[in-house]
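Enquirer: Next come the chains, spelled out residue by residue.
There are 2 protein chains.
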Amino acid sequence: MQQVGPRVSCHDYRTILSYNAQLRKFSKYTSMSELKNDRFLRALLRQPVDRTPVWMMRQAGRYLPEYRATRAKAGDFMSLCENPQMACEVTLQPLDRYPQIDAAILFSDILTIPDAMGLGLYFEAGEGPRFKKALRSAKDIEALPVVDMHKDLTYVTDAVRLIRRELNGQVPLIGFSGSPWTLATYMVEGSNSKDYARTKQMMYQQPEVFEVLIDKLVISITAYLNAQIEAGAQAVQIFDSWGGALSYHAYHQFSLSPMQKIVDGLIKKCEGRRVPAILFTKGGGQWLKSMADTKVDALGLDWTTNIAEARRSVGDKVALQGNMDPAVLYTNPQRIRDEVATILQAYGRGSGHVFNLGHGVTPQANTENVGAFFAAVHELSEAYHT
Amino acid sequence: MQQVGPRVSCHDYRTILSYNAQLRKFSKYTSMSELKNDRFLRALLRQPVDRTPVWMMRQAGRYLPEYRATRAKAGDFMSLCENPQMACEVTLQPLDRYPQIDAAILFSDILTIPDAMGLGLYFEAGEGPRFKKALRSAKDIEALPVVDMHKDLTYVTDAVRLIRRELNGQVPLIGFSGSPWTLATYMVEGSNSKDYARTKQMMYQQPEVFEVLIDKLVISITAYLNAQIEAGAQAVQIFDSWGGALSYHAYHQFSLSPMQKIVDGLIKKCEGRRVPAILFTKGGGQWLKSMADTKVDALGLDWTTNIAEARRSVGDKVALQGNMDPAVLYTNPQRIRDEVATILQAYGRGSGHVFNLGHGVTPQANTENVGAFFAAVHELSEAYHT
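Those sequence lines, one after another, are chains A and B. Residue numbers are given in numbering that gives the first Met the number 0: position 151 of the first sequence equals residue 150, and the series is strictly consecutive. Residue numbers are given in numbering that gives the first Met the number 0: position 269 of the second sequence equals residue 268, and the series is strictly consecutive.
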């Protein structure tokens, strides 16, 4: 593992698979390359850092021309996710362009698990994700298998291994999954949804049926994240994208409590190092205290939360990640710098903050402004860590 | 005003207008019918009540077959809003069906103001509201007039007068407007929007231009709400439907501070009675303390907020309105009753709570379940007011 060469850029899929088969065989016995930049991992554990680490949700995405080029080569979106070589290529693209980025995140989709459970994920142009089969009854849910990581989703762990090899210790790699509640909405609705009417109907009217679905997702997601950790992910994030659509009680019962089980079941240490977990409920700003009580390492904040207040209420228990409004990237470098300064000042001195957007970067963001964002975080944060 | 006959149901528009012209002339000199049920107004002022008052956002809406019939007669949606007789008819429909409802709300649209400012509102079937002209530059905003209530929007005040006459003191009538920020999003985007990209770009990049738009809306909305109060509205609600899309700082600067100006400028007393104002920022659960500091009478809560915690943090300053998840109406009467009981218990004993949904009732709600909702509130709340 020490003598890895330059990044692959044109290996065919078969070569990669054969390489990964070897890698799986030997990974238990070989140590991974030494991590050259561990600022991100240290901040998640609230250990001292020299500046605030930064990455950006969806940093490998459509705002990048090089991403759009790879995506065009891949054809549809799922072909890109399912091809470890291409997933690796797009994962690394933002790092090549922006030297300040302190973490890579596996390029994949949150719906790989429902797909592996047999629902048949596909994407309609301009329509978002769809499933060939949606879950509409107790019988549908009863028949649903949990994922078998040795059979399904090996394309994800193969990608993780390949990315780790190609990163060569440059920055840590984040693995991720959608939350049980978030995945359940897609599985019951069969697609994106505005108000999750069918899912909530099932949740409110047949909670015992809905709990079976949630339990199967807890088992599957735990196995999925642990497989990513074993393959080389050095931190993991749970994306509870639609948790904010729930009532206080429903959030605690159907989203947070299942996430607690996942957090409890995660591998805590790998390669001699703590593997921190981040929990991000978009729209969850009112529930941060309960989220911190899960003993997860860090909480993601969307831009509606005042990070100063968040730190005051939960800062001793967890690190915080966030939380610039992605729309600030529609402005100009000076305005972006001002916003970064405001958020850094609101968090204040000391470690425990990973800078990020409050949600994924949008396709309309321009690459120069994104560069200004990364640069501003590193430049302006130094003063908070002396 | 004492000897009003049965409800009009087939007056033509011309008759109504002529009636309303008379009414406008004499309304200053005649007293309105005595209010038979003031539970809603009393609860907003935290005065003792015999049970928790209830109404439902969008209670005159598509879930009601009688509404769909009137709407079909009217043709398009705006023709319904602009016809005081029909607006009156649909306003009263839920009261006829559900005897427990403690307040009527003017049937209208939040986009009447931008329409009156000359943007040309229209509705595409299945597409939501559109404007013929959107605001894209400082020049567009400079050219924008504020509304003239003596010229524009008299169809709204005519409807208010007619509804008051037809209500005949049965329950109070709520007037309403969209918030400056919420109206601004439609005016800049030209339609509904997922992430308010153009509006936020203008707000972040040209705040001084955006403030001009917001100021014109503050003036217009204040005049609009005061005209509704003078015409007979006995309480008013400001719908800040999209305030929850803003960052902490942007919310305070571009949504809450303008709403504060409106609250300050509202007529406080009419017909010898306090006219309470309700402020509802959907997704604003993190900002309730600042909202209460506006000295508005009541805050609307969406279903993500724990009403027990909300009362603990702001309950002495304001009344609270809400906050059942509208999706509970997809279940059954028993489940609805349980949810109502949970919310009543969370709020606890004493006045200061107006029961409502956390957002508008959806077209898919069934009328029997809605009836169970209203009945449960009145039946179960009595114990909290002895």
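No lab work stands behind these hints: they were computed from the structure. Note that the structure is a prediction, hence the values are computed from the model and not measured. Errors might be hidden in some of the hints.
Said to hold, decoys possible - Derived lysine to aspartate or glutamate pairs resembling EDC-like cross-links, with alpha carbons at most 16 Å apart:
#1 B:K193 <-> A:D194
#2 A:K193 <-> B:D194
#3 B:K288 <-> A:E308
#4 B:K35 <-> B:D49
#5 A:K288 <-> B:E308
#6 A:K193 <-> B:E308
Enquirer: Which earlier hints turn out false for this structure, listed by number in ascending order?
Expert: 6
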